[in-house]
Structure formats: C-alpha cells, structure tokens
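Chemist: Now for the letters of each chain:
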Amino acid sequence: MEWTGPELLEIYRRMRTIRSFEEKLHELVSAGKIGGFMHLYAGQEAIAVGVCAQLSQADTVGSTHRGHGHCVAKGVDVKAMMAELFGRSTGTNRGKGGSMHIADVEKGMLGANGIVGGGIPLVTGAALTAQVLGTENVAVGFFGDGATNQGQFHESLTMASNWKLPVLYVCENNGFGEFTPTEFVVPVKDIVERASAYGMRAVIADGMDFFDVYEKAGEAIELARKGEGPTLLECKTYRFYGHYVGDQTPYRNKEEAEDWIQNRDPLDIFESRATEAGVADAEGFRQIDGEVAALLNAAVEEAEAAPLPSTDEVLTDVYVRYES
Amino acid sequence: MSRKLGTGGAINEAIAIAMRSDPAVILMGEDVAGGGDRSKEGTEEMGGVMGTTRGLVGEFGMNRVRDTPIAEMGLIGTAVGAAATGLRPVAELMFMDFLGTCLDPLLNQASKLRYMFGGKVKVPLTVRTVSGAGMQAAAQHSQSLYWITTGIPGLKTVIPSNPADAKGLLLASIRDDDPVIFCEPKGILNQVAEVPEGDYEIPLGKANTLREGSDVSLVAFGATVRIAMKAAKALEEAGTSAEVIDLRSLSPLDDEAILASLEKTGRMVIVDESTPRCSIARDIASICVDRGFDSLQAPVKCVTAPHTPVPFSGVLEQAFLPSAQDVLDAVGQMD
Numbered sequence: 000m001e002w003t004g005p006e007l008l009e010i011y012r013r014m015r016t017i018r019s020f021e022e023k024l025h026e027l028v029s030a031g032k033i034g035g036f037m038h039l040y041a042g043q044e045a046i047a048v049g050v051c052a053q054l055s056q057a058d059t060v061g062s063t064h065r066g067h068g069h070c071v072a073k074g075v076d077v078k079a080m081m082a083e084l085f086g087r088s089t090g091t092n093r094g095k096g097g098s099m100h101i102a103d104v105e106k107g108m109l110g111a112n113g114i115v116g117g118g119i120p121l122v123t124g125a126a127l128t129a130q131v132l133g134t135e136n137v138a139v140g141f142f143g144d145g146a147t148n149q150g151q152f153h154e155s156l157t158m159a160s161n162w163k164l165p166v167l168y169v170c171e172n173n174g175f176g177e178f179t180p181t182e183f184v185v186p187v188k189d190i191v192e193r194a195s196a197y198g199m200r201a202v203i204a205d206g207m208d209f210f211d212v213y214e215k216a217g218e219a220i221e222l223a224r225k226g227e228g229p230t231l232l233e234c235k236t237y238r239f240y241g242h243y244v245g246d247q248t249p250y251r252n253k254e255e256a257e258d259w260i261q262n263r264d265p266l267d268i269f270e271s272r273a274t275e276a277g278v279a280d281a282e283g284f285r286q287i288d289g290e291v292a293a294l295l296n297a298a299v300e301e302a303e304a305a306p307l308p309s310t311d312e313v314l315t316d317v318y319v320r321y322e323s
Numbered sequence: 000m001s002r003k004l005g006t007g008g009a010i011n012e013a014i015a016i017a018m019r020s021d022p023a024v025i026l027m028g029e030d031v032a033g034g035g036d037r038s039k040e041g042t043e044e045m046g047g048v049m050g051t052t053r054g055l056v057g058e059f060g061m062n063r064v065r066d067t068p069i070a071e072m073g074l075i076g077t078a079v080g081a082a083a084t085g086l087r088p089v090a091e092l093m094f095m096d097f098l099g100t101c102l103d104p105l106l107n108q109a110s111k112l113r114y115m116f117g118g119k120v121k122v123p124l125t126v127r128t129v130s131g132a133g134m135q136a137a138a139q140h141s142q143s144l145y146w147i148t149t150g151i152p153g154l155k156t157v158i159p160s161n162p163a164d165a166k167g168l169l170l171a172s173i174r175d176d177d178p179v180i181f182c183e184p185k186g187i188l189n190q191v192a193e194v195p196e197g198d199y200e201i202p203l204g205k206a207n208t209l210r211e212g213s214d215v216s217l218v219a220f221g222a223t224v225r226i227a228m229k230a231a232k233a234l235e236e237a238g239t240s241a242e243v244i245d246l247r248s249l250s251p252l253d254d255e256a257i258l259a260s261l262e263k264t265g266r267m268v269i270v271d272e273s274t275p276r277c278s279i280a281r282d283i284a285s286i287c288v289d290r291g292f293d294s295l296q297a298p299v300k301c302v303t304a305p306h307t308p309v310p311f312s313g314v315l316e317q318a319f320l321p322s323a324q325d326v327l328d329a330v331g332q333m334d
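These protein sequences, in sequence, are chains A and B.
Residue numbers are given in numbering that gives the first Met the number 0: position 32 of the first sequence equals residue 31, and the series is strictly consecutive.
Residue numbers are given in numbering that gives the first Met the number 0: position 256 of the second sequence equals residue 255, and the series is strictly consecutive.
No lab work stands behind these hints, which were simulated from the structure alone.
Take these hints with a grain of salt, some might be off.
Said to hold, decoys possible - The calculated lysine-lysine pairs, modelled on DSS-like cross-linking and capped at a C-alpha distance of 25 Å, are: (1) B:K3 <-> B:K263; (2) B:K3 <-> A:K163; (3) A:K78 <-> B:K119; (4) A:K78 <-> A:K23; (5) B:K121 <-> A:K106; (6) A:K106 <-> B:K39; (7) A:K32 <-> A:K106.
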C-alpha cells in the first residue's frame, strides 16, 4: 500500500504514545507513585499498532498482562488508562482493574488479562459471536510465546479451526516466558509449527517492522472476514524492559539486549523507512514526540488530581442483579 | 396446562423456549448435537450424554447448537467470551467433576470481568452441569462441587429438585445477565412429574417452602429435597412437625427464609449431598449460629456425605449418600 505523510505520522503517533506511556510508567513505578505489578510493552509497539491499524472499532481484541500497547493501539483513551493505573475513579475500569485488566468494550478492547493464555478463549468467543450473528467482525487475540504452552491456547485454536471462526491469533514471540528463554520451554523452533496441529494457516512476521506486521495481519484478517477461518501470526520481537518493572534481567545476555534495543527499535526502523521514502521528515516526527510528551504529562497531572473511588465501590459491579 | 415430563425433558423444553424467544441464545458442549454428520443415513443424534438436548439441533441448526471438542477449558472459555460480546450461551459441562479442567474461565474470567471492568460488561452465561452421586459413576463422575462455585463471588449457583423447577429455574438462569452454574443432580434426572407447559421463570434467590412445620426445619436442595420430604413424613408419623425448605439457588441464598423458619421451629437440620468441609451445609449452619442464635433450641445439625471420594459399589455409594434415616437420626440427637 502507498502511504501518505500524514498517515505515516499518525501511525508513528500511536507507536510513540505506547513507548512514552511505558517510559513514563517506568519512572512512576520506580518512584513508588503507582502500585501493583507492571509489565511494559516497550519494544513490541509495531505489533499492536500494525495489527490494530487493520481493525475497526467493532472488531474485538483480547490482550495479556503486557496489555497497555494493545489498549492504545485499539483506541482506548490514554488519560483514562493513566487514571486507572493511579487507581482513580475516572479510570477506564473506575479503579477496579489496574494494569492487568484495563478494558474498554465499547472500543472493542476485551481486556488485558492477568492469566497467561486467559484471553485466548475469550477472543475465540468474540469470533463465535460474530459468526453466529453473521456480522463481518473479526477478533484478534494477542499473547506471548509462553502462552502457547497453555491448554487454553491449544483448545481454543482447535475449536476456532473446526468452526472456521473469524479470528487472528497473534503470538508476540519476545524470546522470554517470564524469566525463562523460550527455547528452554518451547519444543519447536518457531511457534508457527504448532499451527499444523490444528490445520491452521500460519505466518511469521518481523515484529519490529510495522509494515511487515501490517501487511501480513491484513491478509489474515481479510481471509477471516471472508469466512476463510483463523490464522496464527507469529511476530518475532523483543521485550526492551524485563518481565515487570523492577526486573534486573540477570537471565538475559547484555550484548543481545543491546543489539535489539540499539539496532532494531521499531520506532527507529519506522522513522528511517518513512524518511527514506521521502513522505515524512524528522521535523514531523519530533513534533509528534513533543505532543505525545505533553499529552502524557497532562495525563499524569489529571490522574493525580482525579478523585479516588468511594470505598462503597468495593461492593458494586459484582453482579448485574443479585436478589436474595 | 401441564403434563408429566422427566427432568431431562423439562430442561430440553426450557432450552428450546429460550432459544425461540431470543436469537442470541446458543447451546454448546460435548455431544450436545450428537457428534457425527446428521445428514448421514442410518445415524441418529445423541443429544448429550444423558440425551437431554436431543432434537434441538434439528430445530435450531448447527449455527446455534454446536458440538465442541472434549476440551472443557476451550469450550467454557469461548462461551465466556461469546457472552461478553453479545451472545447468551448455554454451555454444557458434561459432569461437574470436570470443573477441574475448566476452572480458570469460571474462576478468573466469567466471575470477575464485570467487576474488573468497573461494571462495563456483562456475562450472561449459563453452564449446565450434571452433579452428584446415585448412578454408580464413581469418584470422578459423581461429585457435588456446587460449594466451589458458590464460594466464587460473581457466579450464581442454581440447583433444582424436580422437573417443573428445573424448567422454570433454567429459563430464569438463561435470561439472567450474570454467569450461572446450573446443576442437574443425578438424583432427580429420572424423576417424572407434572411440568407446566409454556414459558415461565422461577426467580433465583428465593427458597420454596414445600411443607410447613413447627418443630424442626429441614433445609435441603437438589437431590436431598426428596430425602428431607421422606424424613418429614416419617417424623410426622412420630408426632414431630417438620418444615421443609427447598433452597432452589445457593447463590443468591435465601438466608431470610432460612432464618425465618429457624425462628419458627427453633431447630435446624441442613441436608447436603456434598462432602462436609467448606460445604453449603456448614455455611448455613454458621449463618444460623451467627444471626439466629437466640432462636436455637438445639445444636444445628448438618447431614452430609462423609469427607471421602464417592465410592463405586452400589452399597458403598448408598452408604456415602445422606438418607432419610440420617435426617431422622440427626433430629433424634437434638433432644
């Protein structure tokens, strides 16, 4: 596809928003301003943004414990996300979810998920809804390499393939399941090898290259919308921070990490491609950097000033209706 | 108008009514349609392990009646996702013992999505599951694990004691906007009784007083209701007036009805076919002691199975299950 400058800058804005959001969180958590477990998405931005650029609001995505990037890419309000992380009543989940459960079903974001693999059957169900009701919507499940060892993965992909559900499974293979290198715990070289067990199409993409992800996700999503069933898309990527904020990453090779971070940053790759093609210039990118930084500073200020939930909220939203 | 139906027939009728009245209702589970190719000559559909859902695929088609693989976590998890995005699935978990293979979607997803999302989603899912002992199905196909689901905030747990209640409670469960675990106790599956025709719902969270009495309250649910009724009859012959309360749902629990009955009789026996530790019986006993202490004229008695797996041999299984005699013995110990 031919891209215009404004289109590319808009894509970049999304990736930059995710990166800066995560950098800001790293600061805030390290400074003790935000509590809870925090898993950062930095390094994987091209995947969430590349896939979600192929979706409409009516399409559903399901995410993981490392879910902030998917939320931003699917259009969830960044200020409401920040307020959620500060535990405020103005948060996306009114302060009841936190980092691992950010959701916005109106935007088609069916939630981050604290259970590894837990989101996979949920998006399979969203695809079932689309098929039963005869809409043209698709569902996308994001998950890591570690989740492909889970029973929920195998059971869901089996069902999706049996029923030709309109779903795209996106495995973000960042080389580590929590703290263990993938090759120690996954007995196949590429995750895509697993797809043959379900009779499912499978494709590998360079997860650091927006354009590669965008193109391959687009083909799979088009097939899903046409009733051609699910695809497993494996995106090779790298986690710039550790498993969570505070992880000192003793288990990873320093040179290898440096190489990914210095030479394969998806934002840098994107910017070089766009500037080399002559459709956008450095000035445009730096302007977006400034705008995103301002947005995040405002998000933090507003979140800090926002009201905390009333403690009565502990008791609400357990049920729609509960009468005894 | 009513006519005699078995519990399975009543359940089948409830699902069909729900599916006719709402296109978002679907049925999914292992063998619910019946396995093979229904266009193949010389084959008939199975309709689930108990034959409960036979005929539904014929009326509603394979888009809405779906055979799943024997993969409970995928089946229940997918049903949760479908419920959160616009369908109203009825998922069959063949036996409640299989909870172990699909607990995450219930424990960490269905029950909590609404709360975690700050009330911005609903999960109108019904999981139908055959529970309890009585068919010599042994230790992995006979457990009454409703105490687990009752203990999870965000889930509701419903358990009928007869065919007419099964129909009305299931219709209410399917139309409920929260996730409901609907137990189908083996002890009532073969019961045949009058079942009203047409569409009716029995509200969740309201107990049913089956028999008024003044000397002792027998609180029962599911398959133990019949035991309590039998015991009440024997007690009457011996000059003791027993009140029998059928809980119908364990969550929500009609604690007001339980306490009102205790206030009236001063004596409480709970009959529960599950094992005793962390059971519904002891939960209710604690409510009676905590909130009804002044009414108690005798210790609260729990009649339950022993704290063992369910045995196979018929004689052992009957010894495992609570009986009317156990209830009579418990009442006898109160004086």
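Chemist: Report the numbers of all earlier hints that the structure fails to satisfy, in ascending order.
Modeler: Result: hints 1, 2, 6, 7 break, sorted rising.
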